[in-house]
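S.K.: What follows is each chain in one-letter form.
Number of protein chains: 6
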Amino acid sequence: MSRADGRRPDELRPLDIQPDFLEQPHGSVLWAQGKTVVLCTATVDDGVPRWIAGRGTGWMTAEYSLLPASTGERTAREARTGRQQGRTIEIQRLIGRALRAVCDFQALGERTLWLDCDVLQADGGTRCAAISGAYVAARRALDRFGLSKVFRESVGAVSVGVVGGEPLLDLDYSEDSTADVDLNVVMTGDGRLVEVQATAERDPFSRDRLGELLDLAAAGIETIGGEQVRGVEAVVG
Amino acid sequence: MSRADGRRPDELRPLDIQPDFLEQPHGSVLWAQGKTVVLCTATVDDGVPRWIAGRGTGWMTAEYSLLPASTGERTAREARTGRQQGRTIEIQRLIGRALRAVCDFQALGERTLWLDCDVLQADGGTRCAAISGAYVAARRALDRFGLSKVFRESVGAVSVGVVGGEPLLDLDYSEDSTADVDLNVVMTGDGRLVEVQATAERDPFSRDRLGELLDLAAAGIETIGGEQVRGVEAVVG
Amino acid sequence: MSRADGRRPDELRPLDIQPDFLEQPHGSVLWAQGKTVVLCTATVDDGVPRWIAGRGTGWMTAEYSLLPASTGERTAREARTGRQQGRTIEIQRLIGRALRAVCDFQALGERTLWLDCDVLQADGGTRCAAISGAYVAARRALDRFGLSKVFRESVGAVSVGVVGGEPLLDLDYSEDSTADVDLNVVMTGDGRLVEVQATAERDPFSRDRLGELLDLAAAGIETIGGEQVRGVEAVVG
Amino acid sequence: MSRADGRRPDELRPLDIQPDFLEQPHGSVLWAQGKTVVLCTATVDDGVPRWIAGRGTGWMTAEYSLLPASTGERTAREARTGRQQGRTIEIQRLIGRALRAVCDFQALGERTLWLDCDVLQADGGTRCAAISGAYVAARRALDRFGLSKVFRESVGAVSVGVVGGEPLLDLDYSEDSTADVDLNVVMTGDGRLVEVQATAERDPFSRDRLGELLDLAAAGIETIGGEQVRGVEAVVG
Amino acid sequence: MSRADGRRPDELRPLDIQPDFLEQPHGSVLWAQGKTVVLCTATVDDGVPRWIAGRGTGWMTAEYSLLPASTGERTAREARTGRQQGRTIEIQRLIGRALRAVCDFQALGERTLWLDCDVLQADGGTRCAAISGAYVAARRALDRFGLSKVFRESVGAVSVGVVGGEPLLDLDYSEDSTADVDLNVVMTGDGRLVEVQATAERDPFSRDRLGELLDLAAAGIETIGGEQVRGVEAVVG
Amino acid sequence: MSRADGRRPDELRPLDIQPDFLEQPHGSVLWAQGKTVVLCTATVDDGVPRWIAGRGTGWMTAEYSLLPASTGERTAREARTGRQQGRTIEIQRLIGRALRAVCDFQALGERTLWLDCDVLQADGGTRCAAISGAYVAARRALDRFGLSKVFRESVGAVSVGVVGGEPLLDLDYSEDSTADVDLNVVMTGDGRLVEVQATAERDPFSRDRLGELLDLAAAGIETIGGEQVRGVEAVVG
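Residue numbers (my numbering), protein chains in the order written: chain B, 22 to 258; chain U, 22 to 258; chain F, 22 to 258; chain X, 22 to 258; chain G, 22 to 258; chain Y, 22 to 258.
What the hints contain is simulated information worked out from the structure, not anything from laboratory work.
Any given hint could turn out to be false.
Stated by the list, open to error - Chain U stretches covered by chain B per the calculated footprint, using a threshold of three residues with CB under 8 Å from any CB of chain B: (1) 118–125; (2) 201–214.
Unchecked claim - Partial list, derived from the structure: chain Y residues whose beta carbon lies under 8 Å from chain G: (3) ALA25; (4) GLY107; (5) ARG118; (6) ALA122; (7) GLU216; (8) GLN218; (9) ALA219; (10) ASP229; (11) LEU231.
To be verified - Straight line, CA to CA, 20 Å or less: simulated EDC-like cross-link-like pairs of lysine to aspartate or glutamate: (12) LYS56(B) to GLU94(B); (13) LYS170(U) to GLU94(B); (14) LYS56(F) to ASP41(U); (15) LYS170(F) to ASP211(X); (16) LYS170(X) to ASP211(X).
Every residue, glycine too, gets a C-beta built ideally from N, C-alpha and C.
Work out the full structure, taking the sequences as your base and the hints as a guide.
M.R.: Next up, the structure:
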């Protein structure tokens, strides 16, 4: 089976990232992966929520949102409906856990790191792009304050899935919506697992299939990791 | 390392289930797994939401809630605060996906299956107990209407984790809160995977570790499956 | 006129109560009155809300909820709709007033007593069952902390009504929905009135009718009081 | 004991009512009872909510609100906080039940009667004043449409209570806040009971006490009924 | 073109104002301008919100609401729907800015001035009537506390518009709903501008047209200012 | 007085606009005016809200939002707090009125035009930038469907103000926060007024001052209009 955009099964979509896309936030990156475009920003505030103050450790919070026109059919603005959708909440909890797993909160000290991931255009894989981009935005913000040791290692993510019986890397929206199995994988730069979220959209799957998919994801995240290094180290403006 | 309640690492907590615990709902079960107690009920309504009507297929929705006094420290009632917590939403989405993966919506016809999982007492593993129990409640409700073919196979769940470096089956709350890795696994009766949700709470983990944990889960779910069969087939009253 | 379940007009439904139904809350009781089943729990916390702190007196709060599948036709979960219904609010205010009327807040000291009444199955009279059960749960929690003097006397409740022209004790749902007059009565163990809520559902009623109904209620609450004593004093586990 | 404003125990506060206080609503009355001032309006709309349409019967809904500056200490605006308080909900449910009990919904036909009771100034007894005034506003609105037969009889309300051991009629705020027993009574024009809501604020009370209070209320409501007749029949403008 | 009520183009509707309409609030006025009737109240509280405390300066907040039956077609109660409409929010922000522009917060000291504008009957121009009336209510409240210097000058407002090609002063609802241009003007007693909000409802307009409309408004506000003086100085009761 | 960025008093900030910044929405533009960056998108849907269907005319709705990290100090996400702030609501109502004033809804036919203005970076003048950009995005979307006649003329906006006694064009955030008078002006391409919103932040102002400010705005909007033409006509990709 060939993919609509001509990619090989184990090929990522083209990555195009613009570090410090904005001037005012402490750190930011415009992360484009194929047609999926996510604006990730990071803000470092002094102080932590009252209920953990005085312990010398920091706090991190992640938020995720789809801009209304980001999706093929316009999505209602959650500020308008008055509540975040279940999907939004699930995704921002995932982003938060992914970044926290590699964060040294002692090294952060009594500061709060806000990560905002706003999807400007959605074409599949937005939660994984948000994680990969949030790491870059966070590093650009932290490095500015001499806090580059806060992350013990890098973290990136990619989606893989089984479409028409074939394992594919980095699904776009049309692939994702016909996948039998859908797997989001978050890994550290040195290849260890942070999160595995596998879902049988149509058919339950075997342990072997899970293994194949994890192999595919590991290779993809390695490539993404290289791009993240370039984003963190880029000299802008 | 020995477990506080004397269990072996690969041992489930005692299961005590009461099918048709209530008379009025179409199906119900009081699922007790150690001190964790979940009341699962299933209601079959004619008709489906307007936006899928007329296609001859059914609909299923799952809801999950902690009763305020179910937790060690009382939890605020979500009806009072006016919104479901992120954790609640994440869990009920998981329960819904788990059951939908084995459901034949054509066989259900234009009916809605409501699954309600209310945790009366929480001591770890409530989302997995809810899935295992929801299957039993759903089957008892469906069988009553001659719809026993709606589920293509059974589905059960268990949590496993790494505590103090050792893989353990069916964590209770005290174990769960000190786990390095936490894994919720949903499997069918014939041993295929429906959902895998692995999280590095403290340390990223290796592929080998993931394998060990999945082995442990598979054995546990097999035992749970036997109990589910007894629950589905029990003659009550 | 004979009642559907064969009871005499002045006969309560069978009471079946299980004190300490749960292990974790400070006090609990599963109160079954016919098919109406209410889980009442009581939690004693140190401290009171900020705005009454420092006066040496305690605080009590009561909450009431119908589980979705408790009713014949499934009720929407209030946590989902984002607001408690008027009926829920009215009932939990009644439960709170009933228990507060016999509570010595000086004796409670700067503690908060949480009473949670969750209806697992509803067949009429849930608010009265909740009051009767909440008293038992509260006493089991308070006695555990040596606070058995907090309640100056016991309190119980029952519904009465006029159905088909005849006064009946302890209406079930089918009777309640055809009643001309509906009366909820809360009384102390020594027979004094705490709350009287009489409503002409169909026809305004006379003072004499009110008197008959109060007589019927007084006898019923006396019987309930005996069951409450057994529940408070039961040795469990 | 003498009352602060010199009234006898069985004396109402002065009534000053202005029918058709506003020009635009179908019916309105400014009901002043002592310092308590309630603006009651009634609107008759064609049609009923969808779920009762086609049966030929009408619908009535009542709403109650305190204006922020109506109370001694300013009350937060419920539109601002985003939810109605429990007290508000309880009161508007009472108003609705009181008026529905004397309403012939067949005679109303497929129309909706909106009753709005907005308290401009609160000095005790606002829920009872709202009921008495709502009846007048409703009648003025209905009579305009030739629907004067919709109410089978008139309905009025008054509060009574025990203050310092003495039964008093028509409590003002200072009396109400020190009452041992508080009783709201709704009666028809011919002296039958529609609602009795008795609450032991401090001490449980006897059946005899309840009798005395009901006698006091009945006399007060009779006087109010005369004023209502004048309000319904007044020729304005 | 002649106006429906026979007014000249530059003529205000009749003003009928009742200062201290209520006894309990610190200041109040019932402001009737034609059929538009607004109840404005002012409350002076000691203290300011926490986040500006300790600076010796005061705080002011304004709220606006339409009573449900104030409009021709009944408006849903915002406390019921759980959120204020955009129009309400826009108007109360305007009222707040108008009054703040002439307020000396140093002179107010650490006090909060609450202004509540509740529209009892709406026939166009309610936001302007609310501003004119709020000034009177505020002055009556402040004068009572010896704070008559808090307002550096008086402030009033009026709406003007172009209807059928002709500039008109003080539009009523029927005029407002057919206006091509709609202009709300807030001015001080000495003729300076505080707010100008001009909107082309149908056709964009010229600078000259804006000039004509401002002339018309200035004359109207001068007349209103005279009425405000009488309202502030009236001896009541 | 010289401006911090060296601009003349009557000089706009540099404009940098990218039409069709995104591929998926029907029309989009990234509008940068100095450091203020707004992403405007336009979506054309078939159909209109039910309550205006069948009249052959269209509908337009505008929404505005600040991304959390767009502001110097991070702004809470409105989807999180559950309600849009008053400022947000006021601004999106202004955007909607501005665009509607030049829209021929007959020419639009039974379609809905969604305009979304999301501020990626805020440095003053965001509401005016949103209006200017929304026009470009809307035109790009409409032209794609052969609906270029829907807008009868172009519309643009700019803010002006008095800072330190001097009238200035196109205030940035630091200027805006010290302005005595703040004026947002919306004009058509041929120089007629659509909206004038003038506010005395500190001191009431004279008619002459208003005239000077409108002159300054008119010149600025003319320059913006030229840029809009380039944006509408640009050939992208």
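S.K.: Could you run down the list of hints and mark each one as holding or not?
M.R.: Taking the hints in turn, this is what the structure says about them:
no.	hint	in the structure
1	118–125	holds (count 3)
2	201–214	holds (count 4)
3	ALA25	violated, 26 Å
4	GLY107	holds, 4 Å
5	ARG118	holds, 6 Å
6	ALA122	holds, 5 Å
7	GLU216	holds, 6 Å
8	GLN218	holds, 5 Å
9	ALA219	holds, 4 Å
10	ASP229	violated, 10 Å
11	LEU231	holds, 6 Å
12	LYS56(B) to GLU94(B)	holds, 15 Å
13	LYS170(U) to GLU94(B)	violated, 36 Å
14	LYS56(F) to ASP41(U)	holds, 13 Å
15	LYS170(F) to ASP211(X)	violated, 47 Å
16	LYS170(X) to ASP211(X)	holds, 16 Å
Of the numbered hints listed earlier, those contradicted by the structure are 3, 10, 13, 15.
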